[in-house]
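Each protein sequence line maps, in turn, to chains A and B.
So that you can map any letter, position 316 of the first sequence is 503 in the numbering used here, and since no number is skipped, the others follow by simple counting.
So that you can map any letter, position 150 of the second sequence is 337 in the numbering used here, and since no number is skipped, the others follow by simple counting.
Among the clues, some could well be false.
It does not matter which identical chain is used: a pair holds within one copy or between any two.
Claimed, not checked - Pairs of lysine to any residue, SDA-like flavour, derived with a Cα cap of 20 Å:
no.	residue 1	residue 2
1	467	294
2	310	348
3	537	522
4	259	459
5	289	477
6	537	499
7	497	427
8	500	464
9	291	472
10	497	372
11	509	446
12	509	268
13	206	518
14	289	490
These are calculated hints, taken from the structure and not from any lab test.
Here are the chains, one letter per residue:
2 protein chains.
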Amino acid sequence: MKLVFQKADLLKSVNIVMKAVPSRTTMPILECILIDASAGVIKFTSNDMELGIETIVSGMIIEKGIIAIDAKILSEIVRRLPDADVTISTDANYVASITCGKAKFSIPGKSGEDFAYLPLIEKNECLTLSQFTLKELIRQTIFSIAANENNQLMTGELFEIRDNILKVVSLDGHRIAIRKIELSGTYSDRKVVVPGKTLNEISKILQGDMDKQVSVFFSDNHVIFEFDDTVVVSRLIEGEYFRVDQMLSSDYETKVTVNKKEFLECIDRSTLLVKEGDKKPIIIEINDTMMELQINSAIGSMKEDIDISKSGKDILIGFNPKFLIDALKVIDDEEITIYLVNSKAPCFIKDEKESYIYLILPVNINVSR
Amino acid sequence: MKLVFQKADLLKSVNIVMKAVPSRTTMPILECILIDASAGVIKFTSNDMELGIETIVSGMIIEKGIIAIDAKILSEIVRRLPDADVTISTDANYVASITCGKAKFSIPGKSGEDFAYLPLIEKNECLTLSQFTLKELIRQTIFSIAANENNQLMTGELFEIRDNILKVVSLDGHRIAIRKIELSGTYSDRKVVVPGKTLNEISKILQGDMDKQVSVFFSDNHVIFEFDDTVVVSRLIEGEYFRVDQMLSSDYETKVTVNKKEFLECIDRSTLLVKEGDKKPIIIEINDTMMELQINSAIGSMKEDIDISKSGKDILIGFNPKFLIDALKVIDDEEITIYLVNSKAPCFIKDEKESYIYLILPVNINVSR
Chain A
188 MKLVFQKADL
198 LKSVNIVMKA
208 VPSRTTMPIL
218 ECILIDASAG
228 VIKFTSNDME
238 LGIETIVSGM
248 IIEKGIIAID
258 AKILSEIVRR
268 LPDADVTIST
278 DANYVASITC
288 GKAKFSIPGK
298 SGEDFAYLPL
308 IEKNECLTLS
318 QFTLKELIRQ
328 TIFSIAANEN
338 NQLMTGELFE
348 IRDNILKVVS
358 LDGHRIAIRK
368 IELSGTYSDR
378 KVVVPGKTLN
388 EISKILQGDM
398 DKQVSVFFSD
408 NHVIFEFDDT
418 VVVSRLIEGE
428 YFRVDQMLSS
438 DYETKVTVNK
448 KEFLECIDRS
458 TLLVKEGDKK
468 PIIIEINDTM
478 MELQINSAIG
488 SMKEDIDISK
498 SGKDILIGFN
508 PKFLIDALKV
518 IDDEEITIYL
528 VNSKAPCFIK
538 DEKESYIYLI
548 LPVNINVSR
Chain B
188 MKLVFQKADL
198 LKSVNIVMKA
208 VPSRTTMPIL
218 ECILIDASAG
228 VIKFTSNDME
238 LGIETIVSGM
248 IIEKGIIAID
258 AKILSEIVRR
268 LPDADVTIST
278 DANYVASITC
288 GKAKFSIPGK
298 SGEDFAYLPL
308 IEKNECLTLS
318 QFTLKELIRQ
328 TIFSIAANEN
338 NQLMTGELFE
348 IRDNILKVVS
358 LDGHRIAIRK
368 IELSGTYSDR
378 KVVVPGKTLN
388 EISKILQGDM
398 DKQVSVFFSD
408 NHVIFEFDDT
418 VVVSRLIEGE
428 YFRVDQMLSS
438 DYETKVTVNK
448 KEFLECIDRS
458 TLLVKEGDKK
468 PIIIEINDTM
478 MELQINSAIG
488 SMKEDIDISK
498 SGKDILIGFN
508 PKFLIDALKV
518 IDDEEITIYL
528 VNSKAPCFIK
538 DEKESYIYLI
548 LPVNINVSR
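Chain A extracted, bound-state conformation (with noise of 0.2 Å):
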């Protein structure tokens, strides 16, 4: 095999197949990229057997075959060459030289014969999105899945499409978030869940242009993300999602509204009172004009008035500020709407559209204080 790249096309495709190069495994062959140049183009896969990535690479094929080169070490020569043309070519020992300029790498390889390739999914219908919306949509929901696989749903992502509306759901048992887009188009209804893992991993790959697209395919178990020269193939997770419906609710004793930049910015203020692992909830307390926010901890105290606009019940109520502050930073409004009921009961942040809801439960505090 003897393959010609510029540098910068080998650079960008072999960090986009890095991405389901699994940090340990069982399997050493899954440490590898596969390039795959036998037929008319040159392909780079990898596969965790989760989750698995193709890519089509621009270069030029002078030889056909197919190696599987060891991924960090590629990925780190690659990285350090000069802006050049490389050549990667191959021996009958799997022996790959890669040279740029003057310098010359020399890095065993494998054959590629036990190299696990991508499951074949019949494709069918086809759910379109530009690669913003896509990135935004895992942006603004993935904080709030579970970091530990105690429960495997919660570490992923609902993606459900009921009459024509996209609705992406994420909770971890303290808190959900909720973003819903309409569709352009018609679409067939669907729920399923997506891994929290590929869903980051594709947020990295993804551009994130506005007038770029990704198609998207769901089988039984898997779903495909298609976009740019670009193939991402993951398993879905199995079973019955969260009624996340019946935890949500339209009642309300207490609606605040608040600038959110002073909002953050006076939260994230207060948590360097609080030592990692230290579970101090932030004080709210809300009254007619003022909410006042104070947080109380074995550093020292702290306590701040914000401005709002309130109608409604005075209220007192605790919060984990980490929650608080995950979902107002991805909240692009000026102003949030906070809707709260007592000091038990989870309070939503919302806009009127209901396009975000963001439910976190409140920390019980001790009221006198």
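Fit chain B to the known structure of chain A by using the hints.
Coordinates of chain B only, in the frame set by chain A:
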């Protein structure tokens, strides 16, 4: 005590004195910044008993006083305050209130009675340098001090004034870095060893302006740096520094001139084949017009030619690539000249005026390969 600062002034000064706050100490008072507004100015002091920093802070004294406040907490609070006036006030129980806009922090402070003030040192002859020059001198030599303290003198740098030339020397047993500058003015001869830690911290505080000065004073046991509104006092390392002149030699068998950037990038590429802690040398073979660099490791091999101009014998020699990289990174010349004797003797990278000399010991290589 009651003081009012602009946030930017306060933040700048806190950042400066933070550099001498010890991360671990048996004297908790040293984890504090001493805020002294007992006289007509506001002065912040920190001291880890090796290194002490005092800086005058712009601010308004509404009520005089002294307090010691935990440095880390103060620094984190100040960093996150909004961009407005900050008031620091204390009550009779040494509780400090920090208010800014509507935010109010309360944190416990200390009287500062048992704070270790900086030693009073008689200032005699003053060495004046631009901030830029001092910062550069440190950057260009600090990497070759020894990290471990087996030999304390190796953890510092020699500052030697002789015949109105300032020479800065560092060495770690495998290499030597020397920088010389001519001083404008007349100075008495002098030799001191300044702790590497002090130089590292000074270099972070110095803004590095060409047109701002640093005044340096030496006593028998201390060095003082004065610049802007800041005074840094450090102990010196005691003992007789190594006789570096005996290790230098102007004899050579091979003299090579090479493009610095090309040489550096090539060595940098080669190091990716060397795992951390693995001591693979880079093998350099010098012929009449070409230098061949080669590295062989468990990961793979790399070979690259670089054009050179050479006089003297051909030579095959091995080096720790990191030592070459460290020296090349801080040389600003486009072309560098390397002087070699044989494969067991140190090489010298130096300019004609010897304003810099980098000596690097070779590594034993199996010449048969």
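Hint-by-hint comparison with the structure:
| no. | hint | in the structure |
| --- | --- | --- |
| 1 | 467 / 294 | between (53 Å within a copy, 16 Å between copies) |
| 2 | 310 / 348 | within (17 Å within a copy, 78 Å between copies) |
| 3 | 537 / 522 | within (11 Å within a copy, 63 Å between copies) |
| 4 | 259 / 459 | between (38 Å within a copy, 10 Å between copies) |
| 5 | 289 / 477 | between (69 Å within a copy, 11 Å between copies) |
| 6 | 537 / 499 | within (17 Å within a copy, 78 Å between copies) |
| 7 | 497 / 427 | neither (39 Å within a copy, 74 Å between copies) |
| 8 | 500 / 464 | neither (33 Å within a copy, 65 Å between copies) |
| 9 | 291 / 472 | between (67 Å within a copy, 16 Å between copies) |
| 10 | 497 / 372 | neither (39 Å within a copy, 71 Å between copies) |
| 11 | 509 / 446 | within (18 Å within a copy, 52 Å between copies) |
| 12 | 509 / 268 | between (42 Å within a copy, 18 Å between copies) |
| 13 | 206 / 518 | neither (27 Å within a copy, 37 Å between copies) |
| 14 | 289 / 490 | between (64 Å within a copy, 8 Å between copies) |
Of the numbered hints listed earlier, those contradicted by the structure are 7, 8, 10 and 13.
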